[in-house]
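Asks: Sequence:
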Amino acid sequence: MDRSVYITSTGAFLPGKPVPNEEMEQYIGEINDRRSRLGRFVLRQNGIKTRHYALTQDGVHLHSSADMAARAIRDALSRSEIAAERLSFLAAATTQGDLLVPGFASAVHGELGLRPMEIASFQSVCASSMMAFKSVYLQLKAGEHDCGVACAAEFSSRFFRPGFYAGREQEGEDSSALMETEFLRWTLSDGAGAWLLETRPNEGRRSLRVEWIDLCSYADRFDPCMYAGTSRNRAGERKPWSHYDSPALAAQQGAVVLKQDFDLLYRMFPVWAKHYLELVDRRRLRPGAIDHFLAHYSSHSLRGEMVKLLAKTGAMVPEARWFTNLYSQGNTGAASILLMLHQLIEERDLQPGQQVLGFIPESGRCVIAFMLLTVV
Numbered sequence: 008m009d010r011s012v013y014i015t016s017t018g019a020f021l022p023g024k025p026v027p028n029e030e031m032e033q034y035i036g037e038i039n040d041r042r043s044r045l046g047r048f049v050l051r052q053n054g055i056k057t058r059h060y061a062l063t064q065d066g067v068h069l070h071s072s073a074d075m076a077a078r079a080i081r082d083a084l085s086r087s088e089i090a091a092e093r094l095s096f097l098a099a100a101t102t103q104g105d106l107l108v109p110g111f112a113s114a115v116h117g118e119l120g121l122r123p124m125e126i127a128s129f130q131s132v133c134a135s136s137m138m139a140f141k142s143v144y145l146q147l148k149a150g151e152h153d154c155g156v157a158c159a160a161e162f163s164s165r166f167f168r169p170g171f172y173a174g175r176e177q178e179g180e181d182s183s184a185l186m187e188t189e190f191l192r193w194t195l196s197d198g199a200g201a202w203l204l205e206t207r208p209n210e211g212r213r214s215l216r217v218e219w220i221d222l223c224s225y226a227d228r229f230d231p232c233m234y235a236g237t238s239r240n241r242a243g244e245r246k247p248w249s250h251y252d253s254p255a256l257a258a259q260q261g262a263v264v265l266k267q268d269f270d271l272l273y274r275m276f277p278v279w280a281k282h283y284l285e286l287v288d289r290r291r292l293r294p295g296a297i298d299h300f301l302a303h304y305s306s307h308s309l310r311g312e313m314v315k316l317l318a319k320t321g322a323m324v325p326e327a328r329w330f331t332n333l334y335s336q337g338n339t340g341a342a343s344i345l346l347m348l349h350q351l352i353e354e355r356d357l358q359p360g361q362q363v364l365g366f367i368p369e370s371g372r373c374v375i376a377f378m379l380l381t382v383v
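The opening residue of the sequence shown carries number 8 in the numbering used here; numbering runs sequentially from there.
Relax, there's no trap hidden among the hints.
The calculated lysine to aspartate or glutamate pairs, modelled on EDC-like cross-linking and capped at a C-alpha distance of 20 Å, are: (1) K56 <-> E32; (2) K281 <-> E312; (3) K315 <-> E285.
Because the hints were derived from the structure by calculation, they are not lab data.
Computed from a predicted structure; not experimentally measured.
From just these sequences and the hints, can you work out the full model?
Replies: What follows is the structure, encoded as structure tokens:
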């Protein structure tokens, strides 16, 4: 029996108040003038105006990633037509969890305090939320469950405090090497989102039917591009943090700092574009018929690159139909697409029959994900 699956409720949690650009260093900390100047350059590139942090100006943690995810799930449940006790499957995603062991879903389940249930943990970068989403979708589609939730949370700011960069300046890093860390430091922020999925639509309000989810890794062609937990020697060889004699030595060698390789990033764009064109043919997708295009991108400048590339393909979704929360909420990594759909539902009067296309390119080691939803 073919079972349709619907997103019947969404939830969000954004910690603290919106933090404007001029107050950022009061939260993530000031390292030196050189990094501050690079930070101001990054802000001009990414176009972000405000973001949220789950810590105070003194560096005190107000939440954990699991706590934020649980709050987003409770928000989704509070907006739903079902009792929390009906939830029987939980898939949780994040880039970096609160603990090394056990899995993130266990932590989220523990924070929720709901009855025993099946869980699944997904750890990647921005596309990990889509991995969790597809897991719930397939569980419901197969008849294993009737109700499940996909959630994602990020607490990036805790990794951007000055202590994580101690001693790095003495190594004489050039501006390009510094930009590998400063771009993310001034772009990523904190938050959590959740989607509740059921095998029946809502009775009293709109739902979103899941038409398909498409996800593909191209890690066979690329080295890590956005990464933490490894460093490279002068020969370009990578050494995982766990191969050092101690965690302290790994940190001293820069193996725990989050980095972005820009040369590699730009080499991924044509691969993503080719996959999109293949998807258009394979799924018989009509870009001009898409009513809302949720495009995840980390920087306004990268949006420009995406627009130019998609325009050349002849399969461009009209830019007037693009929707993003980047400029007001920053790049919340795996939680971004979940928060984006939540905001779209809150702000737009979605009509039955409208289609929502989600696009999530992950630079971690080149992953790309798409989803198509129909308003019912």
